[in-house]
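Modelling step: build the complete structure from the supplied sequences, incorporating the hints.
Here is what each chain is made of, one letter per residue.
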Amino acid sequence: MQKIGVFVCWCGSNIAGTVDVAAVVEAVKKIPDVAYAVDYKYMCSEEGQKLIKDAVVEYGLDRLVVCSCSPRMHEATFRKCAESIGINPYMVEIANIREQCSWVLKDVAVATEKAIQLAKAAIAKVRFNDPLHPGQSQVVKRALVIGGGIAGIQTALDIADAGYKVDILEKEPTIGGKMAQIDKTFPTLDCSACILTPKMVDAACHENITIHTYSELEAVSGYVGNFDVTIRKKARSVKAEICSGCGICTEKCPARKTPSEFDEGLRNRGAIYIPFAQAIPKVPVIDREACLKFKTGKCGVCSIVCPNKAIDYTQEDELITEKYGAIVLATGFELIDLDKYGELGYGRSKNVITSMQLERLTNAAGPTEGHLVCPATGKEPKSVVIVSCVGSRDTTERGKTYCSKVCCMYNAKHAMYIREKYPNVDVTVFYIDVRTPGKGFDEFQRRAVEEYGVHYVRGQVGKVLSDKDGNLTVFASDLNSGKHLMLNPDLVVLACAVKPAKDARKLASMLTASIDTNDFYVEAHPKLRPVESPTAGIFLSGMCQGPKDIPETVSQAGAAAAKVIGLLAKDKLMTNPCTAKCNEKICSGCLTCTKVCPYGAISGVEKEVITLNGTREKRVVAVVNEALCQGCGACTVACPSASMDLQGFTNKQILAEVDALC
Amino acid sequence: MVITEKEKAEMLSQLAATNVSHCIQCGRCSANCPVAWKMDVLPHRMVYALLNGEADTLLEANSPWKCLSCFACAQRCPKGVSPAAIMEAVRLTAIRSQGGNKLNPNELENYNDKLPQQALVAAFRKYNK
Ligand SMILES: Cc1cc2nc3c(=O)[nH]c(=O)nc-3n(C[C@H](O)[C@H](O)[C@H](O)COP(=O)(O)OP(=O)(O)OC[C@H]3O[C@@H](n4cnc5c(N)ncnc54)[C@H](O)[C@@H]3O)c2cc1C
Ligand code: SF4
Ligand code: SF4
Ligand code: SF4
Ligand code: SF4
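In order, the protein sequences belong to chains P and V.
Heads up: the first sequence begins at 23 in the numbering used here, then just goes up one per residue.
Heads up: the second sequence begins at 430 in the numbering used here, then just goes up one per residue.
Keep in mind the hints are simulated off the structure, nothing from the lab.
Using N, Cα and C, we set each Cβ at its ideal position, and we do this for glycine too.
Footprint (simulated), chain P over chain V, 3 or more residues, beta carbon under 8 Å: (1) 450-460; (2) 471-477; (3) 500-511.
Pasting the structure below:
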């Protein structure tokens with residue numbers, strides 16, 4: 023006879039406030055095979071666990087049901103508790119009477135009845151539980167970081183410093199990300215390149231780091247500890263091994279009609295280009311869409327001028343495969359398109375620019391060598407208007423619902439850049455509210471007003487008109503004075519919303535990582551597991567998880583690295599034993615299951631099996647690779663002969679639960 | 430019957446049918462309004478007044494009568510609020526309360542009892558209640 027113990031938790035008043043726990047205990051005591059039942063205030067506490075262990079000894083229990091919170095919360099706790107007293111951890115079932123009962127119901131009678139039903143179902147299931155034993159899998163001691171912005175660089179450096187190999191995968195021709203484009207960084211106004219480039223060099227020189235730039239993720243398979251990754255290294259058309267980075271080709275290239283991505287379209291670049299002087303690697307790349315040689319067959323100037331004969335028009339994409347134990351997503355952000363905000367004049371007047379364009383205009387290494395000019399006229403502006411929250415905090419289909427978090431601070435920074443260098447230029451910032459939480463942040467913004475004389479106007483810009491001579495008129499409201507304003511600035515700067523990288527959704531589906539409705543990667547727990555994706559072995563670093571500035575990005579990057587190091591430091595990982603298992607006696611070898619398995623865990627294998635009649639026979643049957651199976655259960659429902667079963671969730675167990683409820 | 434300001438505000442809310450609680454007082458509506466400079470209560474203030482139940486501010490404002498119903502405010506509001514709908518609600522209220530009952534109930538005894546019931550219904554203004 024089985025001896026089931028049932029333990030009903032109060033969870034303080036979380037459960038006991040709505041569920042009559044004593045009534046649940048009385049009800050389950052009447053069920054056959056329940057040898058013992060009791061309620062207790064906090065079952066997960068040390069006292070509570072002791073109560074379980076003592077009951078196991080005293081009543082000789084062989085399987086346990088804990089009626090408590092969600093199994094996500096404490097299933098592991100109670101399994102460990104069972105194991106410590108010699109019961110196989112998989113002989114424990116949880117009835118979730120908190121999230122699925124007391125938290126969602128108000129009426130005590132109704133909630134108590136539901137708690138009893140849930141307990142009955144768990145008891146019905148636990149009768150069919152079998153001891154299960156987790157397997158072990160190896161951990162590949164190498165990590166992949168996707169995205170080479172400050173987030174990816176910092177994560178890679180921290181992992182590499184701990185002694186593990188790391189590869190950085192970057193889609194652009196250089197690492198550095200957005201931080202490389204920024205002029206100075208708040209809140210200290212130190213030069214962005216001066217603090218970023220040493221890190222880029224450290225990454226490039228580190229013996230444990232390999233950088234793949236101009237590369238994309240081609241395919242991923244495998245699981246935590248054992249990912250198989252294929253990387254597409256796109257053809258640069260330049261032999262990186264022999265290129266000296268002299269840049270002569272980039273100067274002589276005659277095809278100069280492509281707007282420079284790095285300079286935000288404020289200048290053109292050649293078809294062969296190096297994004298910026300401190301690029302890593304400092305090897306040019308030919309943009310084949312723009313190159314005359316590729317488009318018309320004529321030209322070849324770069325190959326003639328190259329002193330090292332490094333140009334190779336026949337180079338092809340290269341596919342490389344590598345195994346990794348962990349993958350970090352650090353794909354960062356982009357700015358939104360402004361097509362839907364036509365009234366603000368972006369695209370119609372060149373003197374309406376984005377904040378990132380302003381960074382390039384004030385940067386000494388930028389297209390104007392740091393000389394602030396209006397792009398349309400080439401003249402210094404006399405007055406500048408900065409507009410906050412363009413496309414942020416916007417719940418209509420035009421914008422993004424969230425606050426982009428970094429713009430209030432960089433608006434103050436931009437206003438100060440301008441007033442510092444050009445004290446005669448008038449700067450007005452329009453804002454809804456100034457959001458500057460953070461160490462030294464509010465003080466920074468106040469300096470803009472108090473020391474630099476920047477006008478902050480509470481209100482928004484409605485529209486920006488441009489007359490035939492290119493003069494701008496800004497219509498705005500000043501909510502504090504109740505006035506309707508009309509201004510004539512020479513330059514308008516739009517602080518537009520950030521959004522995740524274009525490929526975030528595609529990467530999420532390749533890696534089975536979750537994303538939210540805005541395409542930001544979702545963390546496993548917003549408070550307690552902020553740098554892990556819900557998918558084991560995938561970690562998150564930087565803006566790709568949500569808007570954040572550089573200090574926050576760097577902290578998160580370090581946190582993600584610590585998690586990766588924790589994983590790579592393990593020699594073996596316990597695998598989940600709740601995997602699919604094929605009953606070879608009745609498997610007909612139709613292999614329907616192989617078609618539905620999203621992890622490629624099932625294959626058809628020809629082997630000698632014992633048939634139902636007891637005879638031996640050689641035929642094809644489905645075989646599950648336990649290391650690959652994630653226990654999703656798709657095969658168990660697709661199998662026409664019901665030979666596939668999920669251990670821990672067998673058809674018999676599920677039906678017993680259902681029967682107990684009906 | 431005396432209608433309280435609160436009740437008037439509720440009626441205006443019903444007529445406007447726009448969710449003023451979503452408004453973040455950014456002022457973009459006023460900044461976009463082509464006739465804001467003629468208004469005594471700017472569009473964003475109209476929204477705020479309705480949110481606070483200040484029906485009298487709304488009803489006494491000249492703004493609804495300056496408004497062109499161009500809907501620029503509603504189209505560019507980042508929160509999907511429609512100040513234009515509030516302007517329209519105020520106008521409707523004003524129009525509906527124009528003119529009184531055609532009959533005085535105290536004088537009904539002066540009419541003979543052949544007066545059709547339908548005439549009675551028609552003679553009293555329903556929509557200004
Ligand atoms: C105008 C402006 C000014 C700012 N000023 C400041 C400031 O003064 N101080 C401050 O603290 N913060 C500032 N910030 C914020 C700062 O830029 C970010 O916090 C920081 O860049 C985030 O770093 P990241 O590495 O997460 O993202 P990113 O810098 O965006 O880097 C992501 C990298 O991933 C790569 N990538 C994307 N998709 C893929 C893919 N599919 N495969 C491979 N690689 C991919 C990208 O090419 C990029 O190199 C500013 C932001 C803006 C817009
Ligand atoms: S071959 Fe292409 S990249 Fe080289 S110089 Fe000519 S246009 Fe430029
Ligand atoms: S950070 Fe400031 S400017 Fe940016 S969206 Fe938030 S409130 Fe608007
Ligand atoms: S634009 Fe919309 S959110 Fe902004 S003040 Fe007007 S109604 Fe409110
Ligand atoms: S609809 Fe009326 S209030 Fe709204 S912007 Fe047009 S004129 Fe102004």
